[in-house]
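Undergrad: The residues making up each chain are set out below.
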Amino acid sequence: MTTMRSVEIGGLRRELGGRSRFLIGRVSFEERSLVVPVSLSNNLGQRGIIFVSSDAGELARQNETKLRGLLPNAKVVALNICKPLDVAMNMHRELCSVLSDEQGKDLIVDVTSFRREELLMLLAILRLDKFANISGDITYVGAGVMASDWMTRNYVQHRSVIGYAGVIKPSRPTCLIMLMGFEVERARSIIENYEPAKVIVGRGSQSESINQGLFDRNARLVDELRKSFGVFAGDFDFSPRDPNLVVEQLANIISDVDQDHNIIIAPLHTKLSTLGVGLYAQRHQGVQVCYAVAAEYNVAAYSTVGSCAYMLDLKMLLK
Amino acid sequence: MSSNPFQVFNPEQLDAAGVARSFVDVFTDLPRLRDRANTFILGARGTGKSMLLRSLEPAVMLLLNKATSLKELPHFAVHVPLKKAEFAPPELQRLAGYAGVAVGEHLLVMHVVYRVSQQLVTMADQISADEARKFSEYFFNILCYSGGEYKTKITNSSSVELLEEVCSVCEMELMRVRQFYTRLPFSSESKEYAGALTGYIDFLVPLLSRIRKFDALPDVPAFIMLDDADNLPKNLQRVLNSWVSTRSTDYICLKITTQLGYATYKTTDGRIVESPHDFSEVNLSTIYTRHSDSYWDRVSEIVTKRLRNTGIASSVHEFFPGDTGQSKRLKEIASEIRQERASKEQSGEKIRGSSRIRDEVTRQAVPRLMRELAGASKSSHTFSYAGFDSLVDLSSGVVRWFLEPASRMYDEVVSRRNDAGFVSSIPVSVQDAVIGEWSREFLDHLELRPEMEDEPSEDPEASLHAIGHETELYTKLRNLIEGLGRLFRKCLLTEDKSERRVFSFALRDRPSVELQRVLDLAVRLGYMQRSDIASKEALGGRMPRYILARRLGPYYRLDVSGYAAHLSMTSKHLELSFDDPNAFVAARLNRTSTQADQLKLGLNYDDDDALS
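Protein sequence lines correspond, in order, to chains A and B.
With the working numbering as the guide, the letters of the first sequence map in order to residues 23 to 341.
With the working numbering as the guide, the letters of the second sequence map in order to residues 599 to 1210.
Honestly, the hints are just simulated from the structure, not real lab data.
Treat the hints loosely; a few may be bogus.
[What the hints assert, rightly or not] With a straight-line cut-off of 25 Å between C-alpha atoms, the simulated PhoX-like cross-links for lysine-lysine are:
| id | chain 1 | residue 1 | chain 2 | residue 2 |
| --- | --- | --- | --- | --- |
| 1 | B | Lys751 | A | Lys191 |
| 2 | A | Lys152 | A | Lys341 |
| 3 | A | Lys191 | B | Lys832 |
| 4 | A | Lys191 | B | Lys789 |
| 5 | B | Lys929 | B | Lys1088 |
| 6 | A | Lys191 | B | Lys749 |
| 7 | B | Lys832 | A | Lys105 |
| 8 | A | Lys152 | B | Lys789 |
| 9 | A | Lys105 | B | Lys864 |
| 10 | B | Lys832 | B | Lys864 |
| 11 | A | Lys97 | A | Lys152 |
| 12 | B | Lys926 | B | Lys976 |
| 13 | B | Lys789 | A | Lys105 |
[To be verified] Derived coverage of chain A by chain B (criterion: at least 3 residues anywhere in the stretch with Cβ under 8 Å from a Cβ of chain B; other residues may be distant):
| id | region |
| --- | --- |
| 14 | 101-110 |
| 15 | 216-222 |
Since the structure is predicted, the reported quantities are computational estimates derived from the model, not experimental observations.
Where a beta carbon is used, it is the ideal one built from N, C-alpha and C, also for glycine.
Given only the sequences and the hints, what does the whole structure look like? Please build it.
TA: Here's what the structure looks like:
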């Protein structure tokens, strides 16, 4: 289990403010991406690195402008998601330039609006030996409402995440493990592209779900996916919030899988559960983590800001 | 519980017996596949490419009685699936220049040799230990010359053990090369590659030539069947194209499948491989558009086979019955049409439409029924697309588009019944419900929507699948389809037209770059198919024709049966639809009402036999 604290959005400023901490974050079209920067904006000289999309649309650009106003001393770095190798190199270079000195001793890593692929790369970078002494908090701003009809569409590329290529043997069939969220079409496209011999589907556990509505929707979408592909080889519940619990849950499910399979994991749920996938894969290098690149996001209705944020110790990610 | 006879399975997960049991011979339609030549086989997902390749494997050929022994086989075919999981890592594109080509080619060669040796293991009982040892020794020798450090670890072994060792070494080499690419993912320094470097000409060709010397195997070229080459990153596609350009078809014939997302036909040194000089091309998507009778035959055979395999004795028409009430009304309408024609002929009135009454009935019966339903009763939604023939038409030449909805229909019937007993037919209501949803789902991918954010720019090194992702393209495509769907529906309901069934358009002029991109995206995603037709306006020239996927028929309430005419259009008209589908329809119909004769001239069949 991860020690985690839940903080009301209104109380974040009090929780995060008051001392100089280096922020690593990501701004996008989501309103949630500005919550932590707003909470830190009263800190004089607040520094950080904020990643943005190089081809951001109007709303994302507006948020970037707001961010620059809130944190004028933060460095803004553009990432081109069409070039994952460049994304990995740029993130690595930028973080190397700041984390090796004192700034790395009290970080805030806001994972709220990183794309899952970027988040997994970030995790792999932070776990490099050279950053063994960094410390601080991870923050995640929960969503209130997610878009009811669609969230992303038109998946133009399917690839593994840099640093998570796994060990794939041609002699072994593939077992795809999906941590399902709300994007049925994304899940469907991954299954169609990877053509696995087995599919195991995970659903966010009811007891840990942020609210009942989200749980019900997740469960319904898992059933919808089952209708398209028939019987799955297995299913399981996973924690939407506790990365360490996700590691244990994955370990249990994968230990049941015939060892003679190439294991591919598709994280499609919350960023916190995606961190769990990343932690598992970092400790089991044979596993591949995959990502489907979406051409379109439902910007107008993707998400609203929830009532609380979650904070966990960064050291938890480094073990 | 009875198993679903229409379950869509991955051909790779079938053993040889499973492939032989399910396969329906299509080679009378596709003779070029068996030619001793390099061939690209194009087709959307679900058109049966992998099944086609698997059917050429030695074990399957024997089970299908294409030969009585391995020696009699016309070719030695090896299936090499290029799986997403193996080629998904972006790290495979880290190396640039010569290093990228050399190491990439070695990776591809090892993939092929792994599959070849795996194939040989399955027939090891027919290969003597002496032959296997010679093959193994040769493999290790040339691998050593190529910089490999493996030595055979076994002596005095059986042919199985010797061939399994070759297989195992190839797999280890594959993993070693992948590790070279994927290790140190965040470092800009590239470690120097110190491993083996095998190539097509210096390794693969001589190694596979050795197989011809086995007593039990035929002295014929090897068919190396590379399946789903779009999964390769662009740099490896160029390596593959270089293989195609070597024209070593006396030794190896490359059969390469792609899903229309193949990024480049350039070789590693910048030349372009072309059809027919370097390879022949088979497009499964268009071949069945042109030869719909053949496709109907194939689907009928496939479905019959699947029904029998599950113990269901129904014929395809019994299992997928049509709406009897609708059929009865259509017969009545056909009779009315014949009577009207007869009266006109008697009275000496000028006959519009087809000269043959049979064709006139074919062209007019369903549209007249649809007009009837759309009239006062406002019951267009009651038109039924049920029935085996209709379902075949709706599948638009893609076998999977028949099987997937059929599978859902079967599951629906089973779930409605209290017992898990025998299903002998699918009720019309179930067929219509599933087909309606199936058609709608196809368009859901391109739902009309407001301006999108976060448009990623093009990556020139990406596979073609990534190039078309500007969101504007999708919006334009959606609007174009909407415009065409509505236009074709309006044509269907217009009484005074000689031909109301329209399902395609021919481009009369050169499209703009943007229009071409939208049309290419439509073809790639399966919303349209493209063929060329002789142009009446350009002597000796040909016009591209784009046919709407019949799968969209139920959504737009179109007549999907049989031959249909096409409309001749200009790019300017089509581009109107990008911003406003309604404006496109209005402009097109306005042109129609003022230039009716020209519209008539624009109605063509590309198969004149249909009119003779």
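Undergrad: A separate judgement is required for each hint: does it hold in the structure or not?
TA: Hints versus structure:
1. Lys751/B with Lys191/A: holds, 21 Å
2. Lys152/A with Lys341/A: Within the cut-off at roughly 14 Å; holds.
3. Lys191/A with Lys832/B: holds, 22 Å
4. Lys191/A with Lys789/B: holds, 23 Å
5. Lys929/B with Lys1088/B: At roughly 24 Å apart (the allowed maximum being 25 Å), lysine 1088/B and lysine 929/B satisfy the hint.
6. Lys191/A with Lys749/B: Holds. Lysine 191/A to lysine 749/B sits at ~21 Å (cutoff 25 Å).
7. Lys832/B with Lys105/A: holds, 13 Å
8. Lys152/A with Lys789/B: Given pair lysine 152/A, lysine 789/B holds - Cα atoms ~19 Å apart, limit 25 Å.
9. Lys105/A with Lys864/B: This hinted pair holds, its Cα atoms lying about 21 Å apart.
10. Lys832/B with Lys864/B: holds, 10 Å
11. Lys97/A with Lys152/A: The given pair, whose Cα atoms are some 22 Å apart, holds under the 25 Å limit.
12. Lys926/B with Lys976/B: Given pair lysine 926/B, lysine 976/B holds - Cα atoms ~20 Å apart, limit 25 Å.
13. Lys789/B with Lys105/A: Given pair lysine 789/B, lysine 105/A holds - Cα atoms ~21 Å apart, limit 25 Å.
14. 101-110: holds (count 7)
15. 216-222: Holds: 3 residues of the region 216-222 of chain A have a Cβ under 8 Å from chain B.
Going through the hint list in order, the structure satisfies each hint without exception.
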